[in-house]
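K.L.:
Here is what each chain is made of, one letter per residue.
2 protein chains.
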Amino acid sequence: MAKQVTVKELYTADTEVTEPVELTGWVKTVRASKNVGFVELNDGSSLKNVQIVMKSDLPNYEALGKMPISTTITVEGTVAYTPKAPQPFEIHAASIKEVGHSDNDYPLQKKKHSYEYLRTIAHLRPRTNTFYSVFKIRSLAAFAVHQYLQDRDFVYVNTPLITSSDSEGAGEMFRVTTLDLNNLPKDEEGHVDDTQDFFKKETNLTVSGQLPVESFALALRNVYTFGPTFRAENSHTTRHASEFWMIEPEMAFADLKDVMDVSEGLLKSVIRYLFSHAQDELQFLNDNVDDQLIERLTTTVNEEFARVTYTDAIDILQQADVDFEEPVEWGIDLDAEHERYLSEQVYKKPVFLTDYPKDIKAFYMRDNADEKTVAAVDLLVPEIGELVGGSQREEREAVLAQKIQDFNLSEDEYQWYLDLRKYGETEHSGFGIGFERLVMYVTGIDNIRDVIPYPRTPGNAEF
Amino acid sequence: MAKQVTVKELYTADTEVTEPVELTGWVKTVRASKNVGFVELNDGSSLKNVQIVMKSDLPNYEALGKMPISTTITVEGTVAYTPKAPQPFEIHAASIKEVGHSDNDYPLQKKKHSYEYLRTIAHLRPRTNTFYSVFKIRSLAAFAVHQYLQDRDFVYVNTPLITSSDSEGAGEMFRVTTLDLNNLPKDEEGHVDDTQDFFKKETNLTVSGQLPVESFALALRNVYTFGPTFRAENSHTTRHASEFWMIEPEMAFADLKDVMDVSEGLLKSVIRYLFSHAQDELQFLNDNVDDQLIERLTTTVNEEFARVTYTDAIDILQQADVDFEEPVEWGIDLDAEHERYLSEQVYKKPVFLTDYPKDIKAFYMRDNADEKTVAAVDLLVPEIGELVGGSQREEREAVLAQKIQDFNLSEDEYQWYLDLRKYGETEHSGFGIGFERLVMYVTGIDNIRDVIPYPRTPGNAEF
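These protein sequences, in sequence, are chains Y and U.
Under UniProt numbering, the residues of the first sequence are numbered 1 to 463, in order.
Under UniProt numbering, the residues of the second sequence are numbered 1 to 463, in order.
Hint data in this document are derived by calculation from the structure and do not stem from the laboratory.
Just so you know, same-sequence chains aren't split out, so a pair can sit in one copy or run between any two.
No more than 30 Å apart at the CA atoms, straight line, and that leaves these computed lysine-lysine pairs for DSSO-like:
1) Lys8 / Lys268
2) Lys186 / Lys200
3) Lys111 / Lys97
4) Lys201 / Lys186
5) Lys55 / Lys111
6) Lys97 / Lys34
7) Lys55 / Lys422
8) Lys66 / Lys422
9) Lys97 / Lys422
10) Lys84 / Lys34
Between the sequences and the hints, there should be enough to build the whole structure, so can you do that?
P.N.:
Below you can see the structure in the form of structure tokens.
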């Protein structure tokens with residue numbers, strides 16, 4: 001009996017395989033002449049196909065020559081090594097059996113398709129080389145994130161997605177409800193009676209797990225979330241989706257320098273993991289999507305990230321010989337043009353900007369002694385812009401209470417968050433990485449819709 | 001200068017630490033007499049505390065003796081090894097500095113608190129030994145799941161949470177909307193105009209990623225989801241939550257036997273990982289929560305899981321000398337009492353039940369040749385009941401189309417799912433594991449609310 005093998009096993013075997021083998025996979029292409037035919041077979045175990053050579057003496061040779069793309073076949077044969085050919089081996093088929101039918105009108109014929117078209121067949125696009133590569137890399141990057149953090153004793157915490165908190169100004173939220181919209185319960189004043197909703201109050205989908213995960217850092221020291229977050233913004237850019245994944249590490253007894261050290265280490269570790277686990281996929285994307293990809297990632301791994309204060313960065317931008325669309329002055333929230341100029345033109349590598357004006361940052365960031373800035377940091381990377389945002393958290397109870405007032409937030413709603421300080425004012429810090437932005441950075445794909453299996457954007461929730 | 005260390009580093013050091021050390025952590029208890037005082041310090045790196053011995057000649061000795069629980073302190077001192085004492089070492093303090101205040105009315109004083117009370121302070125309960133252990137084990141179990149699957153080339157796929165599909169009868173769903181409930185747009189007939197909602201149609205929170213992830217198995221071979229799912233059911237049991245995490249592996253070229261092999265391998269691998277990475281936490285839970293825990297997990301790892309058909313299991317139940325509340329006959333959906341009898345009394349270990357009546361299983365499960373059953377499998381485990389549910393998927397396009405009709409589902413809505421067969425009828429199979437049930441199994445905790453950081457159940461969405 002032939003030995004069952006996968007394409008990946010054949011490509012990675014230490015020694016030549018001499019016994020008969022059996023492979024099951026999908027037909028990618030078939031061409032057959034009178035005497036001999038060739039099938040490109042893929043079985044999902046590898047981006048690479050294997051070539052099946054079939055001689056015309058196979059009993060069903062004529063039918064095999066007409067198999068539609070994506071037919072499932074089982075091949076028995078021998079491995080013939082071809083050291084001089086572009087492919088290191090091929091399979092000489094002793095038998096080929098069609099085990100699963102496919103229709104003739106397969107929508108992914110061999111020619112190139114636009115990304116726009118492929119989004120309309122999101123259930124089939126993983127069968128293309130590009131999306132095979134993107135989604136394999138997405139998976140490997142996710143695992144590399146877990147591995148880096150777990151190796152350092154970070155505890156993975158699944159913070160809730162349904163929340164009764166507001167968004168701390170981070171963005172618009174989606175309402176979650178079981179009320180019958182065609183028959184809403186009303187209170188005496190004619191307003192919707194939220195107390196009759198599933199959770200007996202108004203609930204929404206979270207924009208961040210940071211605040212709830214802080215409570216775990218104050219017990220388990222180093223923790224992280226890695227899960228979905230949501231923004232109900234009517235945004236149609238290539239960098240925003242309504243549903244996306246965030247990585248949010250949070251560390252007790254840690255300051256802004258620790259944020260930079262850990263996030264830099266994490267990003268480099270992810271890229272190194274991809275270099276050793278996704279060579280084929282990175283090479284394919286470099287050849288077909290972004291020819292700067294491998295060079296950019298190599299630089300990212302090899303160079304120390306730059307570190308500069310916001311205030312110094314403003315100086316650099318003001319002295320730059322560039323006509324920015326938005327004028328630069330201390331206090332502004334930097335635009336993509338400014339961020340990209342810094343990372344792509346000035347430093348030519350990722351750069352941390354620290355100590356932003358307090359007025360443009362969130363209430364929970366720790367006030368610096370200058371009373372103008374907070375201990376915040378953003379990492380700006382070439383091509384993408386902001387990839388990481390972090391801060392030291394305001395751990396001083398009285399200062400935090402004042403900031404909650406200054407930001408017009410409800411002290412009642414944040415009482416539990418103040419409690420974390422009331423029962424232990426502990427220095428702590430954390431950061432967030434938009435996982436899809438990271439995947440864009442490591443694949444060279446420039447539209448967020450093409451790194452998400454089934455993207456959700458305004459007007460789009462198909463499949 | 002003293003060397004900064006963590007408690008974990010001290011407990012796991014290969015050789016005795018002789019240089020001066022500096023530790024920062026939280027005060028768990030303090031007691032001080034005239035001449036000497038003791039602080040139990042925890043820094044989150046370990047479930048274990050370290051004892052700090054302070055002599056009365058410390059300049060702030062009197063104040064230190066009155067420190068509230070959860071004060072953050074930095075200790076400099078030397079490690080004194082105490083091989084004959086229960087604790088292998090203690091720290092003789094040269095200085096202790098209070099670096100973070102805590103209030104005197106800390107709600108977690110040393111006495112035992114009920115789980116119910118601790119749920120009301122979910123932001124503080126990770127600071128207890130029980131919840132420290134539970135959430136550390138939850139994290140390690142999650143990583144062990146990823147590691148097992150990634151080691152076998154399974155590709156992690158983040159299927160969408162916001163969906164426009166229905167739930168295939170799996171349960172009630174939460175509506176996701178940005179419509180203003182107090183000012184709903186109406187169509188000409190007076191119904192809510194869903195086309196004006198964010199996604200231009202009605203959307204809900206998913207109950208399962210299985211269907212969308214199947215499309216990836218048919219390209220990437222072995223894939224899995226691991227993410228949140230939702231049920232809007234008014235269920236108040238100890239085993240149901242409104243938001244919970246599911247692990248859903250899906251494999252191309254795989255049948256029901258593969259489902260059993262992989263899920264058994266996965267569960268055993270997770271438990272082995274915990275045995276080697278969470279000894280302290282498992283021992284604590286065994287001593288304080290469930291004294292059968294380690295024995296049960298050891299059996300699970302060492303014994304081959306039993307495998308029996310549903311039909312044979314019905315025979316066994318009918319012949320059992322037990323008065324079940326629900327009478328047993330072929331065709332019923334087994335109740336918890338039946339499931340637990342099989343795993344706890346008959347097999348005394350996890351047992352796979354296979355080939356269920358088609359009428360009680362989902363439309364996508366593959367019809368067996370007997371025309372009465374489907375290639376479905378549930379894993380029943382002691383104490384928990386159903387832990388895994390899986391099936392071979394119906395890959396025959398015509399059969400699946402008929403089943404969609406028989407189940408009164410919309411062929412339009414499932415056209416993309418039929419497409420997966422139209423363009424490749426490939427044998428494939430998968431399973432789902434409720435992650436919280438797994439965490440309950442490996443911690444001995446018997447209420448799902450106590451294995452979720454911030455549990456969501458009807459009427460509860462706090463923090």
